[in-house]
Amino acid sequence: MIKLLQVLIDGTLVGLVYGLVAISFVVIYRASKIVNLSQGEVLVFGALFLWTFTFGVKALGYDMPLWLGLLVTMVACVGFGLLLERFVFRPLIGQPAFAIFMASIALLVMLRGTAQLVWTAETRPFPAFLPGGALQLGPFMVSTKLLIGALFTIALTAGLHLFFTRSRRGLRLAAVAEDHNTALSLGVSVRGAIAVAWILGTVVATFGAIVFLSGRIVSLEVASIGFKALPVALLGGLESIRGAPLAGILIGVGEAVAMAYLDPVTNGVASNVLPFAVMIGVLLLRPQGLFGWKKIERL
Amino acid sequence: MGLTLTNVDVVYGGVIQVLRSANIEVPDGKMVVLLGSNGAGKTTTLRAISGLLHADLGEVTAGEIQFNGKNIANGDPIGIFDLGIVQVLEGRKVLEHLTVEQNLRIGAHRRSDLRAVKHDLEKVYNYFPRLPDLLPRTAGYLSGGEMQMLLIGRALMAAPKLLILDEPSMGLAPMLVEQLFEVIGRINREEGMTVLLVEQNARAAIRQCDYGYVMDGGRIVLHGTREQLEQNQDVQEFYLGLSIGEERRNFRDVKHYRRRKRWLG
Ligand SMILES: Nc1ncnc2c1ncn2[C@@H]1O[C@H](COP(=O)(O)OP(=O)(O)OP(=O)(O)O)[C@@H](O)[C@H]1O
Ligand SMILES: [Mg+2]
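Protein sequences, first through last, are from chains A and B.
Per my numbering, the very first residue in the first sequence carries number 21; after that it's consecutive.
Per my numbering, the very first residue in the second sequence carries number 20; after that it's consecutive.
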């Protein structure tokens, strides 16, 4: 019983990290209707920027306070997001989904290559932003880092939800998410909204890197979290910010349960396969996900 | 002053010419109706005015579109919006997953005069007394009539100088159509707002307008004051006698589906 509860706690916390990364898929999809398969690599870039502006500059003999390193990293993310939007995806808008799909795979490979070229393939330590260790709550152990990350994800979700439903800027983005032509007829800059969405997506992915990697090792392998978060984004609904953490918990818990109880008898396959089995199930049964938009048919 | 189209040609995709030397005048404070059968080029005319042609691979290739002394042909749609030209698209384009309130707020998203925005919201409620009760509802689930109120209300929230309406009566019951045009007529008279209205429901539209144009095959084939139109034999035959059947509406749906679009990124 205690073991099961511990598994549920772990699954929930890890799931919320997936949810955080899934939010980065969602904000980009809402505005541009593009599912960026290389989002995991974008996250790795965020992590590498952060390494560069912390340990990297330190190795060169400069001492930069952590907050400044974080700030510079965010600026770099903004630039990086804009770059991807402007030179890769904007020219592709309106092309068939298949072309965009292929382009995001090409981008995935190219980003990996660039990362290896610039930062080499060696693994690097990631700054410990969040305290390590675990809290002992009665019989349960809760990773401090993941707990803070989980709270952050929930706060970010609430914040983004308010932003998209209350603020002017957010409502503009919501209008673009609904329909480009209608948004334009209301004086909303569709192009501007898409650029903002890419910036947001890149920054949120980097938050994901911070939570996930704090005190650990950065390597290109980390990008696979993008592929974990994709089923989460689909399950939550590609348009739904609030769906992402909820779906993250579902998939995280499912994965943790599979890991604890099925992996021993399946050679560790079950937990790896589960998110993708869920993804296929979602695509077949409810393509809009739990909270995504189904086209409202009414006349 | 007002809006003037002079010898405007519009070409889609570089080859399909749709407007042929169209001349239209919408003087300040007046309500002008543009009539014409399916495919005549009415929506194209409106898109040319509001700058939304570009998204459909269309372009004004000749002529001038003047608004208050400025040539806005092939202009940037947001710049044109800021000049005060606000178009309500055909086909009840509410932002379906947002609430009625959010839809109304988006209408005013480029305005900084918050006090006047509040005042305009009261005005909208005054013209459409049902709207305040609908505020928390999801716009996509409103009835057709309610959506049309919301769309016009949303456009009014932008405080337009020229309000452009593309077939607001489409798919509404005759009773509602009558009421809708009365409200549009009131907005025109009480606010002094210039209105350009595209319609197939000619009878009700003509009754409210000051002046009307009839378009066919991308050309203006007839124009005149309300009295002239009401007495004109051709208008009588082609528009006032014609009922809008199901068949025609379906044809429209098919046609919209077929068109090629450029995305707006
Ligand atoms: N994006 C486009 N590309 C090519 N041709 C187009 C495009 N949009 C419209 N057309 C063509 O231009 C002509 C006029 O279309 P338009 O939509 O302006 O007509 P309309 O008068 O508004 O008709 P309706 O009453 O059906 O709305 C039609 O023949 C149509 O097929
Ligand atoms: Mg039309």
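Some hints here could point you the wrong way.
In silico contact screen, one side only, chain A against chain B (beta carbon under 7 Å); selected entries [stated by the list, open to error]: (1) S187; (2) R188; (3) E198; (4) G207; (5) S209; (6) L294.
Derived DSS-like pairs: lysine-lysine, alpha-carbon spacing no greater than 25 Å straight-line [what the hints assert, rightly or not]: (7) A:K314 x B:K112; (8) A:K23 x A:K314; (9) B:K142 x B:K89; (10) B:K112 x A:K53; (11) B:K89 x B:K112; (12) B:K112 x B:K137.
Calculated from the structure, these hints are not laboratory results.
Fair warning: this is a prediction, and the values are worked out from it, not measured in the lab.
Glycine residues also receive a C-beta, built at the ideal position from the N, C-alpha and C atoms.
Against the structure, the hints come out as follows:
Of the supplied interface hints, the one on A:S187 is violated, with its beta-carbon coming no nearer than about 10 Å to a beta-carbon of chain B, more than 7 Å. At its closest, the beta carbon of A:R188 sits 5 Å from a beta carbon of chain B; the interface hint therefore holds under the 7 Å criterion. For the restraint placing A:E198 at the interface with chain B, the shortest Cβ-Cβ distance is roughly 4 Å, inside the 7 Å limit, so the hint holds. Of the supplied interface hints, the one on A:G207 holds, with its beta-carbon coming within about 3 Å of a beta-carbon of chain B, less than 7 Å.
At about 6 Å, the closest approach between the beta carbon of A:S209 and any beta carbon in chain B falls short of 7 Å, and the interface hint on this residue holds. Interface restraint check: A:L294 against chain B, minimum CB-CB distance 30 Å, threshold 7 Å, status violated. Taken as a hint, the A:K314 and B:K112 pair is honoured in the structure, with Cα atoms around 16 Å apart against an allowance of 25 Å. Taken as a hint, the A:K23 and A:K314 pair is broken in the structure, with Cα atoms around 39 Å apart against an allowance of 25 Å.
Only pairs whose Cα atoms come within 25 Å are accepted, and B:K142 paired with B:K89 is rejected, the gap being roughly 29 Å. Straight-line distance between C-alpha atoms of B:K112 and A:K53 comes to about 19 Å, which keeps the hinted pair within the 25 Å bound. For the hint linking B:K89 to B:K112, the alpha-carbon distance of about 29 Å lies beyond 25 Å, and the restraint is violated. With a C-alpha separation of about 23 Å, the suggested pairing of B:K112 with B:K137 holds against the 25 Å cut-off.
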